[in-house]
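Q: Please model the complete structure; the sequences and the hints are all you need to start from.
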Amino acid sequence: MITEEEVEHVGWLARIEIDRSKSKEYAEQLNSVLDYFKQLDEVDTEGVEPTYHVEDLVNVLRPDTVTESLTQEEALQNTEHKKDGYFRAPGIM
Amino acid sequence: MPEWINISGIREKITDTSAEEVTLSHIDKIRNSRTYGFSAINEKAVEQAKEIDSRKTDSPLAGVPIAIKDNISTLGIPTTCSSKILEGYVPPYNAHVIERLVDAGAVILGKTKMDEFAMGSSTETCCEGPALNPWDTERVAGGSSGGSAAAVASGEAPVALGSDTGGSVRSPASFCGIVALKPTYGTVSRYGLIAYANSLEQIGPMGTCVKDVATVMDVIAGHDPRDSTSIKKDMNYSKSIEKDINGMKIGIPEEYLSDGINPEVQKCVWDAIHKMEDLGATWKSVSLPHTKYALSSYYIIAMSEASSNLARFDGTRYGLRAEGENWHVMASRTRAEGFGDEVKRRILLGTYALSAGYHDKYYLKALKVRTLVKGDFDRALSETDVLMGPTMPDIAFKLGEKIKDPLSLYLTDVNTVPVNLAGVPSISVPCGFADKMPVGLQIIGRHFDEESILRAAYSFEQNTDHHKKRPEGVR
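Order-wise, the sequence lines are chains A and B. With the working numbering applied, the first sequence has no gaps in its numbers, which climb one by one up to 93 at the end. With the working numbering applied, the second sequence has no gaps in its numbers, which climb one by one up to 1475 at the end.
Hints listed in this document are in silico derivations from the structure and should not be mistaken for laboratory results. Just so it is clear, CB atoms sit at the ideal spot from N, CA and C, and this is done for glycine as well. Careful, some of the hints might be misleading.
[Claimed, not checked] A short list of chain A residues far from chain B (calculated; beta carbon distances all over 10 Å):
hint, residue
1, E5
2, R15
3, S21
4, D64
5, V66
6, D84
[Unchecked claim] Result set (DSSO-like, lysine-lysine): computed pairs, CA atoms no more than 30 Å apart in a straight line:
hint, chain 1, residue 1, chain 2, residue 2
7, B, K1404, A, K38
8, B, K1029, B, K1233
9, B, K1402, A, K38
10, A, K22, B, K1398
11, B, K1404, B, K1292
12, B, K1398, B, K1267
13, A, K38, B, K1361
14, B, K1056, B, K1029
15, A, K24, B, K1404
16, A, K22, B, K1402
17, B, K1249, B, K1284
18, B, K1233, B, K1249
19, B, K1361, A, K24
20, A, K24, B, K1084
A: Structure (structure tokens):
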């Protein structure tokens, strides 16, 4: 069971502000889904390897050469918040 | 009047008139749409068509208009994933599939509505309101590529691209009576596809007939070094449909025709199987015993991947930005305002499933169950060539019927999500009508054996009349 406080905590981890008035509704909805997920407890997965990926590929590499990329102008074209070729954002700390 | 015209019909029209005229007539139909599948029209579409006319090219899709799901990046055309958080975002580059289409002469008509960030099965979580089902505008078009399906079934675009993470091209194709293919994982580059659950999703073609879907596949499939999961393989999809299905071994997963499936849908599917028998195929019952657990495994994996993939939408580089005294508050408020409820629920659940103390219980467990689901397919497809069953458990439901209860909506994906967990290819093809609404037959193949499923779908289509019916107001 996920509590209202946990919903707000997970919201913080996910950087989604949860309105106090809606945390009860979220908790109910999330619990109904988590309750459904409980059915996985029935499955015996002793000795079963996890599948992160269906392909057999490992470490796909390319030669370390400079190739074409977006220009600074193109990379910044979708924001007004920029200065001297950088993105501008409020302070982290 | 809008009409269904296949690619060869479009090319004849271009020869008789011009690519410009064909594009203009499609734009006119989009402007008068009664199903609202499009979210944006490409302002340069007519210019592109004129350019094709002046080049007199013989490329496979020369002058053919195509609709693009709004999670596929299009240079200079807004791409929003039907989300408020990406309002006004204009990609500075094309997705790999768009480069391929443009090189082949296709004309990008515009962008189509989807469930926000492809999270949904009805296109009702689109921030601009849903696309409607052309067969009954009080019903959903399916999802998440509902806009693309509505556009094709309404005769507003001959072909379209969608993306399929857990059934998102097959569900709307089934509900709207058209054809859609979910390719084997790794076949079509995901470069420029805005990620939802990257270990599950593939871009897939949608059209009014099997041949058109194969033609588009020939253009968009192939290796791309910019997607590290892209596979090197040479295929000729159009050619693969030509052979008949005499001697083909069909497996019918008993779990796909369980009690939860609408009996009329079951009847359509059984009629289709018997038709395949008439055409020389044989069938037998098979079991995919972990099907029951696939849905939970799928949703845990998809939500976990989503919680990571959608971290980039933080107000810093593009899209919406809210006010906040520091970056964390700004990002948290931006995401609270910009994401819809379903996207928030999935990110929260994914974050929870990956968080300390719950990772092994949910995420790791889901990955292990994925191994078992994949094993089911490997076993069933070692003794058969293809598997068949209903794409969706029911016909298109009414708008608003399930959207308030997330779990009831998730349950509609029960026959489509196992395919994405296993990474195998699957096609949905019209196989009849129930309550005047289309029913889709799902045909699943082995990894990289699109040939068999396209061939089975094409033989079936050519020997039945289901694809000849049209929604009201469409010729």
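Q: Hint check: K1402 of chain B vs K38 of chain A, CA-CA at most 30 Å. Holds or violated?
A: 22 Å, holds
Q: Quickly compare the C-alpha distance for K22 of chain A and K1402 of chain B to 30 Å and report which way the hint goes.
A: 20 Å, holds
Q: For the pair supplied as a hint, K1398 of chain B and K1267 of chain B, confirm whether the alpha-carbon distance does not exceed 30 Å.
A: 22 Å, holds
Q: Between K24 of chain A and K1404 of chain B, does the CA-CA distance stay at or below 30 Å?
A: It holds: about 15 Å lies between the C-alpha atoms, which stays within 30 Å.
Q: Would the pair K1404 of chain B and K1292 of chain B pass a check requiring their Cα atoms to be no farther apart than 30 Å?
A: 23 Å, holds
Q: Does the claim that R15 of chain A lies outside the interface with chain B hold up, using a Cβ gap greater than 10 Å?
A: R15 of chain A not clear of chain B: closest Cβ-Cβ about 5 Å, inside 10 Å.
Q: Keeping to a limit of 30 Å between CA atoms, is the pair of K1233 of chain B and K1249 of chain B held or broken?
A: This hinted pair holds, its Cα atoms lying about 25 Å apart.
Q: For the pair supplied as a hint, K38 of chain A and K1361 of chain B, is the alpha-carbon distance within the 30 Å limit?
A: 9 Å, holds
Q: For a C-alpha distance cap of 30 Å, please report whether K22 of chain A and K1398 of chain B respect it.
A: At roughly 27 Å apart (the allowed maximum being 30 Å), K1398 of chain B and K22 of chain A satisfy the hint.
Q: Given the hint that K1056 of chain B pairs with K1029 of chain B, test it: the Cα-Cα distance must not exceed 30 Å.
A: 25 Å, holds
Q: Check the non-interface label on D64 of chain A: least C-beta distance to chain B beyond 10 Å or not.
A: D64 of chain A clear of chain B: closest Cβ-Cβ about 13 Å, beyond 10 Å.
Q: For K1249 of chain B and K1284 of chain B, compute the direct alpha-carbon distance and say whether it is at most 30 Å.
A: Roughly 8 Å between the alpha carbons, so the hint for K1249 of chain B and K1284 of chain B holds.
Hint check: violations occur at hints 2 and 8; the rest are consistent with the structure.
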